[in-house]
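J.: Residue numbers (full-length UniProt numbering): 1 to 119.
Think of the hints as simulated: they come from the structure by calculation, not from any bench. If you're wondering where the values come from, they're calculated on a predicted model, not measured in any experiment. Do not rely on the hints blindly, as some may be mistaken.
[Stated by the list, open to error] Calculated cross-link-like contacts (lysine-lysine; reagent style DSSO-like; alpha-carbon spacing at most 27 angstroms):
hint, residue 1, residue 2
1, K97, K15
2, K101, K13
3, K97, K118
4, K118, K95
5, K44, K9
6, K15, K38
7, K97, K44
8, K13, K99
9, K101, K9
10, K38, K95
11, K9, K95
12, K118, K15
13, K9, K97
14, K101, K118
15, K118, K13
16, K9, K38
17, K38, K97
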Amino acid sequence: MEKHYSEEKFWEKLKKFALRAGHSVVYTALLLYYVLQKPNLPAKARVTILAALGYFIFPVDLIPDLAVGIGFTDDLGALGVALFQVAMHIDEDVKAKAKAKLVDWFGDDVDTSDVDEKL
1 MEKHYSEEKF WEKLKKFALR AGHSVVYTAL LLYYVLQKPN LPAKARVTIL AALGYFIFPV
61 DLIPDLAVGI GFTDDLGALG VALFQVAMHI DEDVKAKAKA KLVDWFGDDV DTSDVDEKL
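Using the sequences and the hints given, assemble the complete structure.
T.: Structure below.
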């Protein structure tokens, strides 16, 4: 799936489906995106993130994104597995960048506690 990742496609999909996907999916994707920007990230972590973000971007999902209520379940699963595998690389700077983007898109009323508690 990493061959389907591109920065342009990532931002396109995230902006298009942000409200429908919800805070947890968007925050998880943003955390992975900002970790991916780290220059010293190990290759294995980079491949893991690219595969998860590639799946998120890929237009053909196991569960179509347009399916009301469950459309992003598979995306969150793929992103969550990747997040768990690279959690040791997520620092306060990465969290701050992801939260800042969430606030920019959703306003001050964002809740990242579900994801943060798992890190």
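J.: Within a Cα-Cα threshold of 27 angstroms, do K97 and K118 meet the stated pairing?
T.: holds, 18 angstroms
J.: Run the distance test for K38 versus K97: straight-line Cα separation, threshold 27 angstroms.
T.: Holds, at about 12 angstroms.
J.: Does the structure keep K101 and K9 at a Cα separation of 27 angstroms or less?
T.: Holds, at roughly 17 angstroms.
J.: For the pair supplied as a hint, K118 and K13, is the alpha-carbon distance within the 27 angstroms limit?
T.: The given pair, whose Cα atoms are some 25 angstroms apart, holds under the 27 angstroms limit.
J.: Assess, step by step, whether the Cα of K101 is no farther than 27 angstroms from the Cα of K13, and give holds or violated.
T.: holds, 15 angstroms
J.: For a C-alpha distance cap of 27 angstroms, please report whether K101 and K118 respect it.
T.: holds, 20 angstroms
J.: Has the given pair, K9 with K38, been kept, meaning a C-alpha gap of at most 27 angstroms?
T.: Measuring from Cα to Cα gives roughly 19 angstroms; hence the hint holds.
J.: Can you confirm whether the C-alpha distance between K15 and K38 stays at or below 27 angstroms?
T.: holds, 22 angstroms
J.: When you check the alpha-carbon spacing of K97 and K44, does it fall within 27 angstroms?
T.: With Cα atoms ~23 angstroms apart, K97 and K44 stay inside 27 angstroms; holds.
J.: If you draw a straight line from the CA of K118 to the CA of K15, is it 27 angstroms or shorter?
T.: holds, 25 angstroms
J.: Is the hinted pair K44 and K9 satisfied, with a Cα-Cα distance of at most 27 angstroms?
T.: Holds, at roughly 22 angstroms.
J.: CA of K97 to CA of K15, is that 27 angstroms or under?
T.: This hinted pair holds, its Cα atoms lying about 16 angstroms apart.
Of the numbered hints listed earlier, not one is contradicted by the structure.
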